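Colleague: Each chain, letter by letter, is given below.
2 protein chains.
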Amino acid sequence: MPEAMTVHDEDGFDQPARDAVYRAMFTRRDVRSHFLPAALDDAVLARLLLAAHHAPSVGFMQPWNFIVIRDAERREKVRDLFLAARDLELPAIEAERQALYRQLKLEGIRESALNICVTCNRERSKHSPLGRWHNPEMDLYSTVCAVQNFWLAARAEGVGVGWVSIIEPQALKSLLSIPEHVTPIAYLCVGRVTELAPRPDLETHGWGQRLPLSELIMSETFSGPGETLLKSAIAELKTGGAPPG
Amino acid sequence: MPEAMTVHDEDGFDQPARDAVYRAMFTRRDVRSHFLPAALDDAVLARLLLAAHHAPSVGFMQPWNFIVIRDAERREKVRDLFLAARDLELPAIEAERQALYRQLKLEGIRESALNICVTCNRERSKHSPLGRWHNPEMDLYSTVCAVQNFWLAARAEGVGVGWVSIIEPQALKSLLSIPEHVTPIAYLCVGRVTELAPRPDLETHGWGQRLPLSELIMSETFSGPGETLLKSAIAELKTGGAPPG
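Chains as they are written, first to last, in the working numbering: chain F, 1 to 245; chain A, 1 to 245.
What the hints contain is simulated information worked out from the structure, not anything from laboratory work. Among the clues, some could well be false.
A pair counts as met if it fits within one copy or between any two copies, since identical chains are not told apart.
Stated by the list, open to error - For lysine to aspartate or glutamate, the following EDC-like pairs were computed, each having C-alpha atoms within a straight-line distance of at most 20 Å: (1) Lys105 with Glu203; (2) Lys126 with Asp71; (3) Lys77 with Glu236; (4) Lys173 with Glu137; (5) Lys231 with Asp201.
If you're wondering where the values come from, they're calculated on a predicted model, not measured in any experiment.
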């Protein structure tokens, strides 16, 4: 443990604890295919929501809400929205990739134990918008942090989560009676799974590859070449058994 | 471990591992005040960036870049941008809260070991924007997930992170030579700290309070009252020693 942390010694993470945090990140998957119909315990769901609720938020605004959707008929309607949206998205995909796009399973709306729509109330701190004068989208970003907390906590609980973004937001708002000043951020499929894939589905199916991290790092400005020492440290990570997926 | 996870038994999280993931979330802080001047090891920074790089991204787009900023003169200029932005934001704050706003320390740009600007390249998958036809902002959200991974990994490493959102984005783009098609998402102050506060600064100073989680949960639609059983599970979490901060 670094000396700097001795003030709050009891909060320090030992190596197994650090490893657990990284493992949740490296093995988290966007789940579409392996959901089980089993119900999810309320106690588990409560912990996932508590994790989400402890995300950072601009001006301590906590702009999020969580709509828990279980009803089969409503979920069928959400899936119809997905199917319609996919048909509209298809022509935007390169011609030579459209066949692959069609084959990809991109949602588990009906098969998962439940769905959650995470929303952002744009007006929750409208009288004192600390940190949002220049960047009004910060509340949306805070809500995304809540989604990521939820997702990582789910991984640690052995629960699969898939984020469905192929959906027309106004249609979703209408279906879930979401008011004008509230923005849906993420539509999540959540539940127990038969497995979590070792790699992202889109990598397995050849849609894309993990980019080399060291090429994504700049120094001082956007055109500044990355730092040699930092790149060496990254290269050592990779040879040192960094996760494949 | 739930039965559903037996297929990938070796990936299961035992109780201490799960606890570590939750602890990172519950004790993560937006650090502004307690930075140490000590340098941050490249090996540690490399791990934090690898964590960020394993965030989920729409269409496996990985739209992020990381600009590492160490130069004192450049950071002084970024701080000048913050000071100017704060002056412009102040009038938007409720009159009776302006004195408190002025007293809050809202950045550690110069005192931290280094700064990182996390950006989103809007054009990285422009030929096949899977998942972005209806929701083009999804690449911004993916980049936010990378920020949250970075932040949680930093917590597990005993490294403080503060997100500065009081800054004019065009001025920041200009200062860091960020091209038009790239959006700065987060300007982070990163470094070793003397302590991590037990609660969010804005809570300690009376700017805001943690909202009751159960009031943020709806059932089926945005106007649907939350589920009784789920609310009970949340209430039990709270009496069961949920984190204060």
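Colleague: Within, between, both or neither: how does the pair Lys126, Asp71 come out at a Cα-Cα threshold of 20 Å?
Modeller: neither (33 Å within a copy, 36 Å between copies)
Colleague: First find the shortest C-alpha distance between Lys173 and Glu137 inside one copy, then the shortest across copies, and answer within, between, both or neither for a cut-off of 20 Å.
Modeller: both (19 Å within a copy, 17 Å between copies)
Colleague: For Lys77 vs Glu236, is the C-alpha pair at or below 20 Å within one copy, between two copies, both, or neither?
Modeller: Close neither inside one copy (49 Å) nor across copies (34 Å); limit 20 Å.
Colleague: Within, between, both or neither: how does the pair Lys231, Asp201 come out at a Cα-Cα threshold of 20 Å?
Modeller: neither (28 Å within a copy, 34 Å between copies)
Colleague: Is the C-alpha distance from Lys105 to Glu203 at most 20 Å within one copy, between copies, in both cases, or in neither?
Modeller: So Lys105 and Glu203 pass the 20 Å test inside one copy only (13 Å; across, 43 Å).
When held up to the earlier numbered hints, the structure conflicts with 2, 3, 5 and fits the remainder.
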